[in-house]
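K.L.:
Single-letter residue listing:
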Amino acid sequence: AQSVTQPDIHITVSEGASLELRCNYSYGATPYLFWYVQSPGQGLQLLLKYFSGDTLVQGIKGFEAEFKRSQSSFNLRKPSVHWSDAAEYFCAVGPAGNKLTFGGGTRVLVKP
Amino acid sequence: EPEVTQTPSHQVTQMGQEVILRCVPISNHLYFYWYRQILGQKVEFLVSFYNNEISEKSEIFDDQFSVERPDGSNFTLKIRSTKLEDSAMYFCASSEGTVYEQYFGPGTRLTVT
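As you go down the protein sequences, you meet chains F and E in turn. Sequential numbering from 1356 applies to the first sequence in my numbering. Sequential numbering from 86 applies to the second sequence in my numbering.
Think about it this way: if two alpha-carbon atoms lie no more than 25 Å apart in a straight line, the pair counts; the simulated BS3-like pairs of lysine-lysine are:
| # | chain 1 | residue 1 | chain 2 | residue 2 |
| --- | --- | --- | --- | --- |
| 1 | E | 127 | F | 1423 |
| 2 | E | 127 | E | 168 |
| 3 | F | 1416 | E | 127 |
| 4 | E | 142 | F | 1454 |
Hints listed in this document are in silico derivations from the structure and should not be mistaken for laboratory results.
Could you build the full structure based on these sequences and the hints that come with them?
P.N.:
In structure tokens, the structure reads:
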């Protein structure tokens, strides 16, 4: 069965500092991996995806993620955080066509 | 930019009542989904729908739930007899195909009293 673990429930980061959110997955075949962001009162917005090819993928809002098969990880990074990045971030895995399995989410707080 | 829309944004209903949650997927998308998120818990898959039939459903999606695409634009989730434990945020999503990302709507918060 597929599963996703996001070890950090909350992360607090200073504005301008770098951010890394961890995601570990369990999936029997080659995974499709996603990061979504949810701002308060908003839906889930797709930040980036990995299907195949280059293991470093770029997304919107200056985010990137690196797929590491050997570590079953797909960590999300941003070099310099802005106050508007305060939100909840969800990692998800699946066959793209059907069921996505989500992690529990990481809530990011940005200090001025 | 095309987006998935959902109505209502918040629905309050009494236990045992029927509710219908509505979604308008992105117009050229062919695959439609419902997920839910109980407060403080993970986003959970409920059902996927393609070509006017359910293609996959989770254990949560029992006989109390049904989905329908009543016309060319709407996609609905019906809960026949709501329970307290159905209180959650319900997200609709759509995708172009099976190897495409899913785009989510803003959600409907369902509160069962």
